[in-house]
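Colleague: Sequence:
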Amino acid sequence: MTLNRITPYITLFFSFLILSCSSDSDSSGTNTTDPTLANKQALGASARDFLSAEEFTSMNVEIAYVDGFRPSDATLSNLRAFFSARLNKPDGITFTETVVAASKVGSLNRDEYTKIEEDNRTVFNVGDELGVWVFFTNENSESDEGNSRILGTAYRNTSCIIFGETLRDFSSGFTGPSLTQLETVTTEHEFGHLFGLVNLGTPMVRDHEDETADDDGEETPNKHCDQENCLMYFQTVADATSTTMNGLPTFGEFCLEDLRANGGK
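Position 135 of the sequence shown, counting from 1, maps to 134 under numbering that gives the first Met the number 0, and the rest follow consecutively.
Don't read these hints as lab results, they were simulated from the structure.
Incorrect hints may appear among the rest.
Under the rule of at most 30 Å between Cα atoms (straight-line distance), these lysine-lysine pairs were calculated in the BS3-like manner [stated by the list, open to error]: (1) Lys114 with Lys103; (2) Lys39 with Lys103; (3) Lys39 with Lys114; (4) Lys264 with Lys39.
Can you make the complete structure from the sequences, with help from the hints?
Modeller: Encoded structure:
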């Protein structure tokens, strides 16, 4: 199986139970007087800020969603447990919910969902509290191509989008997985990239970045873990679309080493 290509952000592609992700460390160039500048940096730039308590002792996660696309209570409970298990935030983790108007442009590209964030985001870094934006949209990605579908994208240091319409498409079938399973695995995988995994800002203790061969046989690192039992393995989110998945995937041994070496649990 090969990844489609390297594109300017982390994405999850699904095609016949085959998943691919790609990344770039592009930063959104902004005015240096912008008080929200710290939340508009390159993907992975805040990896240690997430993991350790050196700069930020608490975290506020803005759960933004279009009406009708709010993540389930079980998904939010899973995320709380996930954060508590891996992040050093002694002053606690807060969720702030924000309802966003439904998009009328159809499938979203990066410029469009970045604009939605800029128009609606209310939670930013304040003092020793890290601000995070997670948007559950009612649309799919403009980059969907044929049978390849993007489930989620981490695109800035504290920002990611989950394509709720696509998740619902996969969970709506008679043999489809639960929506909670898809929401949880996709969102936790994207947060793994926000945490700097793999090789996106959190250094690797041992080399475990997977590679993808192109049509000419040339292999390129793909920012995913090469351990098949890991949440950050490229196929993991595709497997979440199956009702045969036993439990929720977690970080494997090598990714846990990386997180702990960079200030996490």
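Colleague: Next, verify each hint and record whether it holds.
Modeller: Going down the list of hints, with the structure as the test:
| no. | hint | in the structure |
| --- | --- | --- |
| 1 | Lys114 with Lys103 | holds, 13 Å |
| 2 | Lys39 with Lys103 | holds, 25 Å |
| 3 | Lys39 with Lys114 | holds, 12 Å |
| 4 | Lys264 with Lys39 | holds, 26 Å |
When held up to the earlier numbered hints, the structure conflicts with none and fits them all.
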